[in-house]
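Participant: This is what each chain is made of:
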Amino acid sequence: MGTERLRQAFTNKAFIAFITGGDPSLEATRRYIGVLQRAGAALIEIGIPFSDPIAEGEVIQTASARALAAGTTPTRLLELVETVRREDGITVPLAFMTYLNPVFHAGYDAFLGAAARAGVDALIIPDLPYEEHGELRGAATRAGVALISMVAPTSLARTRQIARDAQGFIYLVSSLGVTGVRSEITTDIAPIVAAIRAETEVPVAVGFGISTPAQARAMAAQADGVIVGSAIVRLIAEHGEAADDAIAAFVGELAGALR
Amino acid sequence: MNGRFGIHGGQYIPETLMNAVTELAAAYAAAQADPGFTAELDALLRDYAGRPSRLYYAARLTAALGGAQVFLKREDLNHTGSHKINNVLGQTLLAQRMGKTRVIAETGAGQHGVATATAAALLGLDCEVFMGCEDIERQALNVYRMELLGAQVHPVTSGTGTLKDAVNETMREWTRRVADTHYVLGSVMGPHPFPTMVRDFQAVIGREARVQILEQAGRLPAAVIACVGGGSNAMGLFYPFVDDPTVALIGCEAAGAGVETPRTAATIATGALGVFHGMKSYFCQDDVGQIAPVYSISAGLDYPGIGPEHAFLHDTGRATYVPVTDDAAVDAFEFLARTEGIIPAIESAHAVAYAREYVPALSPDESVIICLSGRGDKDVAAIARYRGREMEG
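Protein chains in written order, with numbering that gives the first Met the number 0: chain L, 0 to 258; chain V, 0 to 392.
No lab work stands behind these hints, which were simulated from the structure alone. One thing to keep in mind: the hints can contain errors.
Derived Cβ-Cβ restraints for the label pairs, each shown as a range [stated by the list, open to error]:
1. V:143 - L:200: 35 to 41 angstroms
2. L:88 - V:326: 58 to 64 angstroms
3. V:379 - L:68: 34 to 40 angstroms
Glycine is no exception: its CB is placed at the ideal position from the N, C-alpha and C atoms.
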């Protein structure tokens with residue numbers, strides 16, 4: 000289920016949207032998932048908020064804090080995914096993005112089993128690098144959830160090894176630093192994508208810092224998709240419970256830029 | 000497996016940093032094998048930091064407690080006033096050897112930040128220190144000291160504004176700028192190779208103490224006692240005694256207002272197995288794995304985790320970890336000042352506090368070593384406030 004749905008997401012250049020689950024409320028997240036799908040997101044990442052998100056910039060840090068203050072838990076987000084799959088006609092692949100500790104605390108098999116049953120297709124853990132994937136991979140395979148590998152500009156010689164074992168899609172980090180909008184992305188990703196392509200057919204999606212149609216188009220031209228997070232989360236920070244139209248317009252424009 | 004202590008340790012960090020820690024592990028291994036590096040570090044420890052630190056027989060403290068002979072390992076007499084300089088000199092020399100021109104560090108009480116700023120000044124490296132806004136308030140003197148040494152101090156306002164948040168922000172900064180920058184981690188924590196490397200640099204404490212106690216007491220001590228936040232002074236003291244089964248290894252955690260309250264930082268007493276700040280270990284956390292906001296009067300022990308080697312020593316039963324409250328630590332702070340004329344860091348006072356309970360049950364022909372990891376000048380104003388006295392400046 001998960002693998003097939005992920006493959007379909009990359010039939011054309013994929014626009015991937017990230018939002019923090021529970022920011023500002025679970026009801027809003029439920030609506031925003033629908034808005035994202037209708038606006039053209041080919042895959043939606045839902046962040047399970049963590050108290051200490053060390054790979055995030057200020058925008059997603061504060062979104063995580065808002066979501067936690069609103070009482071968001073992994074269990075409630077699992078229920079939310081189940082609901083949107085059952086009642087809201089959400090058919091695009093869904094990925095959970097969170098840090099390892101909440102997953103470890105829930106138990107790998109228990110968490111991934113519940114995620115798969117709810118309708119989650121992939122899991123992204125920014126503090127679980129390739130070398131430590133082993134402890135989670137078995138549970139992910141048993142559940143049929145793709146454990147996403149990340150590649151960064153600093154991965155260098157490790158890039159090929161990571162690519163060889165990748166599943167679902169590869170999350171290519173566009174530049175150094177934490178998540179957040181950047182006015183300019185200076186990394187030349189072409190050689191990194193080429194190194195990945197030499198090893199695998201698994202699609203490559205580029206994330207970190209992308210916020211404009213021009214950036215999205217430029218990155219998508221060299222890869223299979225783009226991931227936009229902070230720019231959407233910033234709209235939610237600004238509009239709170241009433242961000243529907245702002246998200247629809249913004250995502251519509253960026254997703255449109257890839258066609 | 001990379002840097003495992005039993006099930007603990009590992010390298011749970013963002014992909015962007017993996018290459019940096021891999022290079023660091025290789026550079027550290029090469030430096031260890033290079034007599035030139037060791038000689039340079041030893042010379043700095045001797046001529047600059049003032050090592051070996053004294054092992055002082057505390058006769059009045061011994062008499063007051065009425066049990067084993069008490070020896071104090073005087074890390075408070077090192078240059079910069081704490082054990083932190085041991086690790087920092089090692090790491091900054093290594094950073095220089097790796098061609099890095101800039102160092103960054105987190106700090107809680109400010110001791111590690113001051114030590115890093117000091118070594119950076121000595122070696123001509125740029126230095127930026129991240130410190131929680133809460134701690135900046137608690138340790139204003141150390142902030143100025145770092146600035147005096149040429150470092151830039153960044154207040155961290157996220158989370159609880161304490162040590163944990165300072166580590167988060169320093170890690171984020173490292174992912175932003177990694178090529179020319181080394182992260183001087185201040186304790187036996189974080190991703191491999193930090194727990195091993197910092198332990199090795201701090202093990203000079205235990206190596207000296209073991210030789211000194213054999214000279215002065217004629218036999219091994221019954222116990223060695225140290226405070227534990229991340230656990231670097233404790234690990235440095237314990238490590239050379241690990242294979243001496245008759246020597247009890249006792250780590251004193253900060254219980255804050257008490258382990259039965261949420262206002263505590265006692266990780267072994269109240270935490271659970273988890274993964275955070277690059278390592279698998281024990282962490283104070285809630286029932287869904289969110290890291291808990293911890294509390295201690297001591298900014299240096301106000302941390303929700305413990306180094307992975309301590310977690311392993313706890314699992315195997317080789318070391319024992321005990322909680323010590325704010326109240327007990329403040330009492331011990333004052334007690335040592337009056338009994339021996341030594342004002343310990345409030346961190347180290349946690350170890351003194353437990354010794355007051357532990358030592359009286361031992362016999363006078365036994366001995367214990369307490370690590371006085373730092374001096375207490377920085378804490379005087381906070382302790383006065385704790386006792387209801389407002390101090391100027």
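Participant: Now look at each hint and say whether the structure bears it out.
Facilitator: Hint check:
1. V:143 - L:200: 35 to 41 angstroms: Roughly 58 angstroms apart at Cβ, these two residues miss the hinted range, so it is violated.
2. L:88 - V:326: 58 to 64 angstroms: At 60 angstroms between Cβs, range holds.
3. V:379 - L:68: 34 to 40 angstroms: Roughly 37 angstroms apart at Cβ, these two residues keep to the hinted range, so it holds.
Consistency note: the structure conflicts with earlier hint 1 alone.
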